[in-house]
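K.L.:
Residues per chain are reported as follows:
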Amino acid sequence: MSAGVRARNESAWLLPNDGTRTNHRLRRDMRRFGDDDQVDLVIVGCGAGGSVLAQRLARAGWRVVALDAGPFWDPDTDWVSDEAGSHHLYWTDPRVIAGADPVPLGSNNSGRGVGGSMVHYAGYTPRFHPSDFSTLRDDGVGADWPFGYQELRPYYAAIEQELPVAGEHWPWGDPHGYPHRPHPVGGNGELFLSGAEKLGIEARVGPVAIANGRFGNRPHCIYRGFCLQGCKVNAKASPLITHIPDALAHGAEVRADAMVTRVGIDERTGRATGVHYVRDGASRFQRAAMVAIAGYSIETPRLLLNSASPRYPDGLCNEFDQVGRYIMVQGAPQTAGRFDAEVRMYKAPPPEVSTEEFYETDPAKDYKRGFAVQTVSPLPITWAEHVAAQGHWGRALRDYMSDYVHWACLGSLCEFLPLAGNRVTLADETDCYGLPVARFAYSQCDNDKALLTAAQHVMEDILTAAGADEVITIKRYAHLVGGARMAKDARHGVVDGRCRTFAVPNLYITDGSVLPTQGSANPALTIMAVAARAADQLISGARGGDG
Amino acid sequence: MTQGPPAAPGPRGRFPGFAVMRQAPHWDEVTALTIRSRIAPPAPRFFTAAEQATARALAGQLLDQPHDDLGVPVMEMIDARLADGQTDGWRQEDMPEDGQAWRDTLAHLDSDAKERFGAAFADCDGREQAAIVQAVQDLGSRDWHGLPAGHVWSLWTRYACTALYAHPAAWDEMGFPGPAYPRGYKNAGVDAREPFEVRDARPALDPVRERR
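Protein chains in written order, with this note's numbering: chain A, 3 to 549; chain B, 0 to 211.
Just so you know, the hints here were simulated from the structure itself, not pulled from any lab data.
Predicted, not measured: the structure shown is a model, and the values here were computed from it.
Yeah, the Cβ is synthetic: ideal placement off N, Cα and C, and Gly gets one too.
Just so you know, not all the hints are guaranteed correct.
Label-pair restraints from in silico Cβ distances [unchecked claim]:
| no. | chain 1 | residue 1 | chain 2 | residue 2 | range |
| --- | --- | --- | --- | --- | --- |
| 1 | B | M20 | A | T466 | 35 to 43 Å |
| 2 | B | R198 | A | L201 | 54 to 62 Å |
| 3 | A | G283 | B | R198 | 29 to 37 Å |
| 4 | A | G6 | B | M20 | 58 to 66 Å |
| 5 | B | H25 | A | A5 | 47 to 55 Å |
| 6 | B | D93 | A | R493 | 56 to 64 Å |
| 7 | A | A310 | B | E114 | 43 to 51 Å |
| 8 | A | G423 | B | A106 | 55 to 63 Å |
| 9 | A | G215 | B | S36 | 32 to 40 Å |
| 10 | A | D316 | B | E114 | 19 to 27 Å |
| 11 | B | S36 | A | R286 | 47 to 55 Å |
Derived SDA-like pairs: lysine to any residue, alpha-carbon spacing no greater than 25 Å straight-line [unchecked claim]:
| no. | chain 1 | residue 1 | chain 2 | residue 2 |
| --- | --- | --- | --- | --- |
| 12 | A | K477 | B | T86 |
| 13 | A | K477 | B | G149 |
| 14 | A | K370 | A | L454 |
| 15 | B | K185 | A | N19 |
| 16 | B | K185 | A | R216 |
| 17 | A | K477 | B | D190 |
| 18 | A | K451 | B | K185 |
| 19 | A | K477 | B | T33 |
| 20 | A | K477 | B | E92 |
| 21 | B | K185 | A | I383 |
| 22 | B | K185 | A | G215 |
| 23 | A | K477 | B | D137 |
| 24 | A | K200 | B | Q133 |
| 25 | B | K185 | A | K370 |
| 26 | A | K477 | B | K185 |
| 27 | B | K185 | A | S196 |
| 28 | A | K477 | B | Q133 |
| 29 | A | K477 | B | L146 |
| 30 | B | K185 | A | L454 |
| 31 | A | K477 | B | A148 |
| 32 | A | K477 | B | P147 |
| 33 | B | K185 | A | T22 |
| 34 | A | K477 | B | V19 |
| 35 | A | K200 | B | L146 |
| 36 | A | K477 | B | S140 |
| 37 | A | K477 | B | Q136 |
| 38 | A | K451 | B | R141 |
| 39 | A | K451 | B | P72 |
| 40 | A | K451 | B | A148 |
Work out the full structure, taking the sequences as your base and the hints as a guide.
P.N.:
Here it is, written out as structure tokens:
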């Protein structure tokens, strides 16, 4: 299996095998383009979508520059095995949240630097189910994708090998296996499995994008539990180690610390000419035959809106007022249970065991679509947030916190529906570049609320069946998708099924913002698979977006 | 259920002999440096002298520091974040940015204290301070000096908890071993421990049961 992967993506073999984590020579010798070189493609953002696109197109011989607003991380020197010390991994430029149910950003869902949010994601990489691609047709809610699951299936399998993913055979959705065997289970996962078994709920171990065994020059996981703080081991997959090294080896340039402020437009033809960006305090412009935006669901719409020009006065690609709309988060209530035994949930990958038994629409229920349940294993600061959410403070808070080793914690991912009013617009406030910041409004619909309640009950039941004597829940959110969604035409979305914008023929969007629905699955794998599919279509077409 | 500071004895000393900092030689250098710098943060740069006193008293209430001081410089850690503009990456639309929100709400605490007890918040006794803090929590999402009380409560508790539970003294109290690189863990699973972990000496001391 490894040999096949290596032939098409050598990233894991391009990392050092001497105990350090970064191939400095590869970065030093990286090809560098001038601003006046008209490259074939400039990519905005080196996260899940942008990095996969860069790697695929560089391999196909395209001249690619990928810009990222944040640093080109070195896990040895830039990352720590500590919660509070990992604050710099998050996008913390100012943003305003609003609506009836405002969604916190930052650590929750927003990355910064090469690797994007996957640097601090939990590593969970389930596929979407086939039903996720036609919820409007089948359930009368959500939206339909311009293509179906079968179109994405080969890309799911390819990316699962490249990360690679470890887990048990997956019986849900389109049943499939994983390239690596499941990891050993920690105390939290043991209790989930035990409670689920007592209730007759099927639960499985995986899928986590953490190699089980050596993979190329990436070492085995050491189960230290700091997946959300950036993996210092190089065991957990992020594009920094799964796609960027191969992209560099094939002539792509990664230009870090470069904040893109506006897409350049030829006012006469309406085509994109490149991107304006700021680096080291200087305003610059990279010329390109094609532009791909991969800034994720908040920054991608913001960049389109901030790229307004006489030809596109309401923002780029916004003729039909679609930009920034239909952003989705998953309702992610977290329920913890107390055991006299010691759970010490901080060991092993935080999300490790899960069930998708409740993923699909159940005709017996008064809501559509469903939810997944997974272990989550908060470290002390996030655990304090869970405890404080119960209203505890002072002595009560400290008492609960001293009891940390006795708690197991589960989290749900509820499929909140795409709603037009859940959107990014521009606020009056500006950032350090003088650009209007994003205002993100979110409100839940009745179906969303019904899912939250149902998911909480299932988690309480599982923990109680496992022997918990008390359960406590915090309502929270996870992930982001949508904001520049795929659709069949410009009146319903921003890009077509190939990720090309309807408005500008040589402008693409290849990140989570193009997803029309989100299922109850963590989105990273799907974002990568969609980008890989778009890359294939670009490679088989002509450069410049006219294929 | 909400709980202010009660008089019942709390479960302390559950992990006898456990001291996270003793493991520091096993941590990678960058992490060790980060943790060590946290133990002795720089002098305040953001809060005024009056604000420092109020913030220290507020953090003391929220985190039970007056009763059982772990020696964690919570106010200084909050001040350092605000001085550096290290926010969580968002603000509620109905709140000012975090630094201004801290200044405003500390002033509001003082004005409540003066109105109710005739003294600055920091000069009130613990019981009076607790009553003022409890009153803010009890407002829920209602208005407090022109701000939604729930958003104020969230701001205070987020910054305070992030500071306290970033500190090794707090980890000692909860049996959490802190940084784990490059060592990692070998014994995951229910009731499994590493050689350097200490068993909870009072495992049935469940705060939930205690409060029933």
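K.L.:
Return the numbers of the hints above that this structure violates; sort them in rising order.
P.N.:
2, 3, 4, 5, 6, 8, 10, 11, 17, 18, 19, 24, 25, 26, 30, 34, 35, 39
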